[in-house]
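Engineer: Let's have the full structure, built from the sequences with the hints guiding it.
What follows is the residue order along each chain.
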Amino acid sequence: RKEKHERWDILTALLRQFPSGPVAMADREERRFAEVSRDSVKLMAESTGVDLADDVAALLAEDVCYRLREAAQTSSQFMRHAKRRKLTVEDLNRALRWSRVEAVCGYGAQDALPFRSVKEGELFFVEDREINLIELALATNIPKGCAETMVRVNVAYLDGKGNVEPQGTVPTAVQTLSDDLLKYYQQITRAILGDDPHLMKMALLDLQSNSKIAALLPYFVYVISGVKSVSHDLEQLNRLLHMVKSLVQNPYLYLGSYVRSLVSSVMYCILEPLAASINPLNDHWTLRDYAALLLSHIFWTHGDLVSGLYHQILLSLQKVLSDPVRPLCSHYGAVVGLHALGWKAVERVLFPHLPAYWANLQAVLDDYSVSNAQVKADGHKVYGAILVAVERLLKMKAVSLSQSAEGGSSCQPGSGAGSAGYRVGSPGLSPPSEPLSEAVLGIASHLQAGGAGCPWEEWSPVPLPAMYSELYSFFGDSLAVRFSTGPGFGSYPPCASACFREARKDPLGPAANTDTARKMPQLTANLNISPRQDGSPRTDPPPPSLAATGAGRSLARSSSVQRSRSSSSRSGQRSASVSRDVFPKARFISPQSGPPAFSFVIGGRQMGRRCQGRRPFQTTFSSSSSLPANPPRAYAHKLPVIGRVGKPVRRWTCSHYSLYLP
Amino acid sequence: MAAVQGSIVDAKEEADIKSEPATDGFGNNHANEAGVLSASPGSSAAAGNNKPAAGAPEDQQTLLAVLQFLRKNKLSESAEILRREAGLPEEVLDPKGADSAGSGLGSGADIDGGDASALLSRVTVSAAGGAKAPTKAGEDQPDVNVVLSAYSQQGDPALYEVYYSGLKKFIESVLDCHRAELSQVFYPLFVHMYLELVYNNHEGEAKAFFEKFSGDQECYYEEDLRILSSLTKKEHMRGNETLLDFRTSKFVLRISRDSYQLLKRHLQERQNNQIWNIIQEHLYIDIFDGMPRSKSQIDAMSGSLAGEAKREANKAKVYYGLLKEPEIELPLDDEDEEAENEEGKPKKKKPKKDSTGSKSKKQDPNAPSQTRIPLPELKDSDKLDKIMYMKESTKRILVGADQLVAISFFFPSFSFFMSPLQGLTAVDVTDDSSLIAGGFADSTVRVWSVTPKKLRKVKTAADLNLIDKESDDVLERIMDDKTASESKCLYGHSGPVYGISFSPDRNYLLSCSEDATVRLWSLLTFTCLVGYKGHNYPVWDTQFSPYGYYFISGGHDRVARLWATDHHQPLRIFAGHLADVTCTRFHPNANYVATGSSDRTIRLWDVLTGNCVRIFTGHKGPIHALAFSPNGKFLASGATDGRVLLWDIGHGLMVGELKGHTECIYSLRFSRDGEILGSGSMDNTVRLWDAMKAFDDLETDDFTAATGHIHLQDNSQELLLGTYMTKSTPVVHLHFTRRNLLLAAGAYNP
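If you're matching them up, the sequences are chains A and B in order.
Quick note on the working numbering: the first sequence kicks off at 1 and runs consecutively.
Quick note on the working numbering: the second sequence kicks off at 663 and runs consecutively.
Heads up, some of the hints might be wrong.
[Said to hold, decoys possible] Restraint-style ranges between C-beta atoms, simulated for each label pair:
1) A:A58 with B:C1151: 51 to 59 Å
2) B:S1147 with A:R97: 32 to 40 Å
3) A:A137 with B:N863: 41 to 49 Å
4) B:S1156 with A:A72: 43 to 51 Å
5) B:K896 with A:A72: 47 to 55 Å
6) B:Y1153 with A:A139: 25 to 33 Å
7) A:D55 with B:Q923: 48 to 56 Å
8) B:R1168 with A:R97: 34 to 42 Å
[Claimed, not checked] Here are the simulated EDC-like cross-link-like pairs (lysine to aspartate or glutamate), alpha carbons at most 16 Å apart as the crow flies:
9) A:K86 with B:D1358
10) B:K1053 with A:D180
11) B:K896 with A:E62
[Unchecked claim] A partial selection of chain B residues facing chain A, derived with a Cβ cut-off under 8 Å:
12) L893
13) H898
14) M899
15) V1112
16) T1113
17) L1117
18) Y1160
19) E1176
20) W1202
21) G1322
22) C1326
23) Y1328
24) P1392
Just so you know, the hints here were simulated from the structure itself, not pulled from any lab data.
From the three backbone atoms N, C-alpha and C, an ideal C-beta is built for every residue, glycine too.
Structural biologist: This is the structure we're talking about:
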């Protein structure tokens, strides 16, 4: 009908000018709707040349409002389905079109239209600038083409609790991972962090021999950096460390700057007071030992990749050691870390720091209160670790002196070198009572030289005898026991601890070692057990760590009086005599315990080559990992178990060609 | 009775200003009825074995009514075809009373029940249980006037307020336990009284009435009230959909017997006829025996446009179990065998079945029979794909809540972001996560390959002639390497693409658009194969059935349609929703279809009979996301109200409410093992919920199952496993890969 038609005309006219037309807000309490007033309608009608009566205008206005709302409602539906929050002109037009109303043209521009008001007339309008078409056509700044629509991948890692890990460390390489690699990665991580030890072994083995996982390295490094979030779980930490080891051992991987990240993860395990350490039943000592070992391994094999790594490591270790606020387990970590880094590290950091540290340690060890029992046990651990470290320091220093004396002939293997080492070392082993007098001087001079925080530049090596006497002043006969056991102990590899720890397939090895070391002071009280533990730690299976620490603690308690006496008096006649008792037994046992020639060769290389020492060490470690030298082939067929299923997984988990299967 | 079912749809369509002539719509419907379903691929014959309620008198009534209607509208041809297909005797078409014909019909149907396609096509147009108003069959073409005429009764307009406030006073004074239940009456009463006033041209009174009492209504009706408030003229009532919904369907209330008696007594004492009439005519009060429900219980279920679902509506048996997986022998790889032989182990005679294989051996008692819906036969390529799937599923990361902790630091989730030229409106990812498709507001559809394998077209016909058709790698040879690219763009729609779905075999892609069509694209040639025209208004969503071949679409015309790819007309029309069908999902066993609507209800439809078997109410806003759990037992739904509701399909009950999102939920997806539910929303977050726990905590005793009263504890926070923010990107789609990596997709505009 005509009237209706007209109505729509006005509506569309209104819609066209909607923003600019005079639209008054309803004055009523509910201001949810914009209302078109009667006057507006009249005005618009007049502009098109129609004269409207008041009542007609009122009716029309009301109707227009209703239609507007209807259109708005429908258009919001289009908005919702387009999954937008913003209602566009296009939405309104669609709504109009579907209700058979002409669409509003001219408002399709993408840029926002500022809605402005004129104060005087309470007018609102959209600024509609005139555009010079010629200018537009001849414009030199041609708008850039819209960005290509594309699929981009954004990866979010969730940790165990479902939190998104910060993306800072997520490497860009992740984005280009192929599906196969992803599969591999998932399987490997699952296997390593999973429950099945067999699976874990397989996965680790593959990790250390697979030549095609370079692209995954950042992934793994990232996973390993998760140590910080599982410090409560020794088992997981251990697994992650094993992962590090496998990665480091993989000859096909170029670790590059990821070494730093790996080192920091390992250092975390060594130095941090882990949450797991709170429970004394947790054997975090072993973890620290293992991590320290790993650290040295990384350093010896990949230390040349990052400049100044050695220095940094030493500095951080020193920092921990010199911080009395840190718990003893951190100190322990620092000591074993230094020890693992070689005797020179011990000489440079631990030795100069020892006098200052000793006082703290002494205080802990001398406190017999019940509440202190746990701390004291920890103190014994540290004590033992220091003892082992300085012993090695002395021995190696002796050997190095002998080698420098012998010149080029030092590298010749066999008993010659051994005897030479022994011979040069032996001066320091002259009767223990003698250097004691000199020790006072040595300590005093050293303290002046720069006690705790001796700067690197000013550092000067302390001569061996002075060093020995100083150390003897700390450790008394327990040092002597190890160092002066005569020719029998000459067969003991200079880097004994390191070697046999590596040689052990069981990670508990180091624990056993430190246990024995820690028990040294208790010789006075437990004569019968000491020779066995001392003489043959390499061949005996290590005692379960828990039992060992427990025993150690009880021993410590029982023998504390004697030990403290001996150590505080520094040269108890009694302890000396006891240690002498031990000698024959130790001498008797030790010759069976290892081929002297072999161990000396390693010692020589380690000394002589330092950073280039990758090969000798790699051979040492690979042979010591208790796995066959050519593992991938032999184990390939067992890998499928990783997937917890039989057949389907088999194809791609086969270590070498796995990644290239469809 | 049955004619009403048919006609209600039409009534609505006609009544809409926008609708086309009724005959047209019916031409469509019946053309299919006549044509079809014999086309069920492969195994259609088997369908004849189980005849679905062929003898049910209601069905026959429906048929008869449809026939009568057809005849009345001079569509004798269609009527004839329908009659023949339904196997009804000829005299049915004679001008006889429906009743007498009905009696003759029973035998006829029995005789002829064997024809599968006939059975299938029995009831194409069916209306929801809720819409079965007992109107006279004579009202075949109801005018709006007729519809509205019920409002013509005159009362003194000034008294409306008095009546209403009198009732209000009464309800406020009754015992607490009854108050919550009786308060339900307010809203429908308010609406109807208001409409009466408007209809009778008491504009001023209507406005006053509205202003006085609209504030009392529950907040979740706000949107409807807004529409209502804009309606002040009798003329506006014509063509107002909301109003028509109110009129055509009775508002359903569930009230305990005690409360109802109380109300009845009060109204009769007061001689309050005005209100009593409205209650009698426009309200359906579903009375139950037992304890009155609490406020929270009522609130949980209400919110829909037409009140709660009637209890009978959810009584029908639903076969929610999964279909038996076809037995596929996992072929042993040669290499594997060699490896085994090398090891010296004895070769196993039979490959070990993995869990999925063994599970499927036993038929689920709740599963429909294998051939209830004719499904396409598996092709070889499908089998290969199934094998791949099984293989992959064994490598799945278990993502249950506890495992999430166990797998400490890796649970990577990928999100695909697109920088759109025009808004991204829909996304789908293939089941094997190799392809991703996006529908855009600029009416394009784009397909990307997310694997290194590029997208290639098939060679042209001339080139195809040249290749050696006998060669083994013929499938590889037909591909044209020159066309390889990472993405392809499909042009054809003329409006924003609102829904998109890959076929399970990855050869086809469906897209639906504002231009009222659904298009089928080939992913081999990257061209449009078919444009399905049937919806007359924008199509909001479409989805392929899990077994391919069938697909469902739903749109602004308030119906969902079931199609088969090789038919250009729908096989079923599911009508009953009172507003747009906004999302559609196939049940994993392909026997049911769930539709979510703007009327804030979810309906579950039986594909075979076309009946509505479940109505779920409880959402307070249009539903935009649905997801079936992989075991087929549960349904999750998300709406603009930011809540995810969980439903037990078997019992027809709400079993959980997940609160957390602040805006409309656009995507829901269960992990492959059903342990985790992911929800993606407009509020730029993806949230993960512990679905296992939500369903485990469930206690459906007989009482709850019988009365439908649920008591939900508010444990959303416990169930929430994590909230993940995107880079200010609304999450449009979620997808769990076969290994349970979560992919989230949304448009990212840097």
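Engineer: All the hints need checking, so say for each whether the structure fits it.
Structural biologist: Against the structure, the hints come out as follows:
Hint check: A58 (chain A) to C1151 (chain B), Cβ distance near 52 Å, so the stated range 51 to 59 Å holds. Roughly 35 Å separates the CB atoms of S1147 (chain B) and R97 (chain A), a value that falls within the hinted 32 to 40 Å. In this structure, A137 (chain A) and N863 (chain B) break the distance hint of 41 to 49 Å, their C-beta atoms being roughly 59 Å apart. Evaluation of the 43 to 51 Å hint for S1156 (chain B) and A72 (chain A) yields a failure: the beta carbon distance comes to about 24 Å.
Taking 47 to 55 Å as the suggested C-beta distance range, the pair K896 (chain B) and A72 (chain A) does not conform, at roughly 22 Å. Against the hinted window of 25 to 33 Å, the Cβ-Cβ separation of Y1153 (chain B) and A139 (chain A) comes to about 30 Å, which satisfies the hint. The supplied range of 48 to 56 Å is met by D55 (chain A) and Q923 (chain B), whose beta-carbon atoms lie about 50 Å from each other. Separated by about 35 Å at the C-beta atoms, R1168 (chain B) and R97 (chain A) satisfy the suggested range of 34 to 42 Å.
Of the pairs offered as hints, the one joining K86 (chain A) and D1358 (chain B) is violated, with about 40 Å between alpha carbons and a cut-off of 16 Å exceeded. Using a Cα cut-off of 16 Å, the hinted pair K1053 (chain B) and D180 (chain A) holds, with the two alpha carbons roughly 14 Å apart. This hinted pair checks out: K896 (chain B) and E62 (chain A) have alpha carbons roughly 12 Å apart, not beyond 16 Å. For L893 (chain B), the interface hint holds, since its Cβ comes within 8 Å of a Cβ in chain A; the closest pair sits about 7 Å apart.
Taking 8 Å as the C-beta cut-off, the interface hint given for H898 (chain B) holds, the closest approach to chain A being about 5 Å. With its C-beta approaching chain A no nearer than about 11 Å, M899 (chain B) sits outside the 8 Å limit, and its interface hint is violated. Checking V1112 (chain B) against chain A by beta carbon gives a least distance of about 6 Å; that is within 8 Å, so the hint holds. For the restraint placing T1113 (chain B) at the interface with chain A, the shortest Cβ-Cβ distance is roughly 6 Å, inside the 8 Å limit, so the hint holds.
Checking L1117 (chain B) against chain A by beta carbon gives a least distance of about 12 Å; that is not within 8 Å, so the hint is violated. For Y1160 (chain B), the suggested interface contact is upheld, since its CB lies about 5 Å from the closest CB of chain A, less than 8 Å. For E1176 (chain B), the interface hint holds, since its Cβ comes within 8 Å of a Cβ in chain A; the closest pair sits about 7 Å apart. Taking 8 Å as the C-beta contact cut-off toward chain A, the hint placing W1202 (chain B) at the interface holds, the least distance being around 6 Å.
Below 8 Å, beta-carbon pairs count as interface contacts, and G1322 (chain B) has none with chain A, the closest being about 14 Å; its hint is therefore violated. Residue-level restraint check for C1326 (chain B) holds (minimum Cβ-Cβ distance to chain A is 7 Å; threshold 8 Å). The interface hint given for Y1328 (chain B) is met, as the beta carbon of that residue sits about 6 Å from the closest beta carbon of chain A, less than 8 Å. Hint status for P1392 (chain B) relative to chain A: holds, with the closest Cβ pair at about 6 Å, below 8 Å.
Hints 3, 4, 5, 9, 14, 17, 21 from the list above are not met by this structure, while the remaining hints are.
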